[in-house]
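Novice: As a plain string of letters, each chain reads:
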Amino acid sequence: MLVDGPLPVAGGTAERMLDVRALRKVYAGKDRRVEALRDLTFSVGRGELVCIVGPSGCGKTTLLRCLAGLLAPTSGDVRVEGRPVSGPPPGMAVVLQEYGRSLLPWMSVARNVELPLRHKRGIDRKRRAQLVAGSLDAVGLADVGNAYPWQLSGGMQQRVAIARALAYEPQLLLMDEPFAAVDAQTRADLEDLIRSIWHRTGVTVLFVTHDIDEAVYLGGRVIVLSSSPTVVQDDVVIDLPDERDQIETRSLGRFVELRRHIYAEIRAAKIGRRQGAGD
Amino acid sequence: MKRLLSWVVSLCWFLALPAVLVATWWFTSEGSENIYFPPLRKIVDVFPDTWFADGTDSRLVADVVPSLGRLSAGYAVAAVLGIGVGVLIGRVAWLRALVEPVIEMFRAIPPPVVVPVLVALAGIDNTMKVLVIVFGCVWPIMLNTVEGVRALDPVAEETCRSYGITGVNRLRVLVLPSASPQIMTGLRQALSIAVILMVISEMIVSTDGLGFTVVQFQRTFALPEMWTGIIMLGLVGVVLSLLFRLVESRVLRWYEGVRRTHHSAA
Amino acid sequence: MRTNLLLGTAGVLGTAAAFEVGPRVLPLPGGALPPLSEILSALGDEVRDGAFWQALLDTLQQWALGLVLAVVAGIVVGAVIGSVRWLRRLTASTIEFLRPIPSVALVPLAVLLFGTQLRSAVLLAFYAAFWQVLVQTVRGAADVDPVAEDTARCYGLGPLARARHVLWPTSLPYVVTGVRLAASVALILAVTAELVIGSPGLGREISAAQSGGATALAYGLILVTGLLGLLVNVGVRAVERRQLAWHVSVRGEVAA
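Chains as they are written, first to last, in the working numbering: chain D, 29 to 307; chain P, 138 to 403; chain R, 14 to 269.
It is worth saying that the hints were derived from the structure and are not from the lab.
Positions of the beta carbon are idealized from the N, C-alpha and C atoms, including for glycine.
Incorrect hints may have been included.
According to the in silico footprint, chain R covers these stretches of chain P (three or more CB under 8 Å from chain R) [stated by the list, open to error]:
1. 231–238
2. 284–298
3. 303–313
4. 352–364
5. 385–391
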């Protein structure tokens, strides 16, 4: 199903968690100016799981960093829960692709997971311990709390990063190609993990990926970005059943249709760029 | 049983060459008539008396302790200054560009040569000696701290920023631990410099201290005693180095683990 | 990049200004820290005097001699120890024990043996520099890839040929690092020996200047030693870069 512009959220409430209007980001280098993002406008409702895909080089990571308040946009508006974003907003957690470098090697796994909580107001030691134990359990790493990140495999490290985000009890969870560097089997497990966490906690999730299958499998909505200069090319509602399974859901006819559609969009986006280059 | 055996074997490897060298020294110097190289036996003979006689009046207390005291004071001040300023310079790019050439210039000055002029500035007592040590030690600590702080992983930094960890917290939790391997390198370099400067300043102008004592022995031709002094200096150097390694291995235990993992993966 | 250069120059100029104005303004013991202009003019006078150049030459001579001896000895001993595993194990404790002994411990001995001759300074410089080269060379030799070594042996290369084709390229970066560290340490010790023992050289001139009340000159000579230190460092780094460039490209070829 093709839709233009922001949708009323599939859930009934029109409460907007994330509001992006006319987002533009230009990198000014020594001789070149690169327009990473031209004009992005979309919104994400509370409790949605939205995936963002696009051709490589379309600025997905730039977008995510602008949303996370880590990068200042050149122009445009980003609002989280109605408040404009000028730095990383509270109540937001980010999971990045480079899990190895986002975990601090001088701290144990448990300390790493606990770290953001220590700097969050109003959480005492007992509550912190509960949250840490709970989130490590939720990602299936209940007994590695005392290990160090570099002692774990890649997939386990990424799960620790997810646990850290979870323990933080965020309202908004941003994930930037978190499973790109993980092997396929682990990736499948982690995808299911994200959906189960999302179901349980009702956190709003924004998931950036280059993997179209992953986007369709995971998302309730998929935002397709054009190639550079980037705008929102399409906003697709994923009307697959809520309960998803790696084997069953991926063999559904509807899955294949949606996938084909988004693939075609991205291919068109890439060709569009090549045609545009001749201008 | 196997562990005990392997420990004994390690000990044998550890002691073999030193034992041979000491034995060689002992036996070749045994009948020595050369006043510059007295028999090792004689040196060992006079060692206890030279350093430990007279209880609290012993040279150990009257000379070695003040020396070590000055060393610790100078080293500590240099460490605080070097790390503090180093972190600041490392984080602020324009400050680094401004200051780095000047620091490199100061660092290139062989520290002992400033002793004569420091005497004019600060007299001949403890202040001067501590200042010399500070001047010599602060540069390697500072420069290594700057390097360590610069190498902060941007991914780790962004992660901490996204969770709202900023300011002093970020310093304590992220910047300093991340730079600690490099900072330890600077501290290690500074330690050997500190020992050298402690001795030098006492050899040039002093009324007490390890360096002063050894030079006194040399001037009065008390040669076996002088050799005990040389051995004492060596011991101080070795013991301090061992202590440092102990501290370093605890502080950088995580770093050893990371390196081992990368090594095996490579 | 250009801003960096600008800022750096600004820093240097600012420091110079501070050292010009500061001594005039601060309440320091009389004459203890002369303003920079006085220092530079005293230095200028000295440079025109032949004695300065002789002292500089003496320092350089002692430094170079101590360094060369240390490098040769360090490389030879280090290569032998580093390439034989049981030798490494045997000597490890001895090296770790002797290395932290401050070379200044030898000062009294040097005084007795050589007095104020050149050899005192050379002894100290040699002792300190030797350990730097040795430790690095041992590490470099120990780093040799056993596969490469075995392959060379299979092709019938004798020990000398293996040393040339396998040992040397592997340990070269380490050796160069060792030489760099040794060069600066040797300079420090040479000047120190001149200062403490009185061997001829810049160190002795500084001490003499200060006791003779020519404080400005003393500072000027200190500046010269600093400059010397900088030049040594920059010089060795330049050689290092050239050597390593060659090394990296050779390595690149082998890997491809």
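Novice: Now tell me if each hint is right for this structure.
Specialist: Now for the hints, and whether the structure bears them out:
1. With a cut-off of 8 Å between beta carbons, the stretch 231–238 of chain P has 6 residues touching chain R; three or more are needed, and the interface restraint holds.
2. Figure legend: the stretch 284–298 of chain P, annotated as covered by chain R; annotation inconsistent (0 residues with Cβ-Cβ distances under 8 Å, at least 3 required).
3. Beta-carbon proximity to chain R at under 8 Å applies to 0 residues in the stretch 303–313 of chain P; the threshold of 3 is not reached and the given coverage is violated.
4. Counting residues of the stretch 352–364 of chain P whose CB falls under 8 Å from any CB of chain R gives 5; the rule of at least 3 is met.
5. With 0 residues having a beta carbon nearer than 8 Å to a beta carbon of chain R, the stretch 385–391 of chain P misses the requirement of three or more and the stated coverage is violated.
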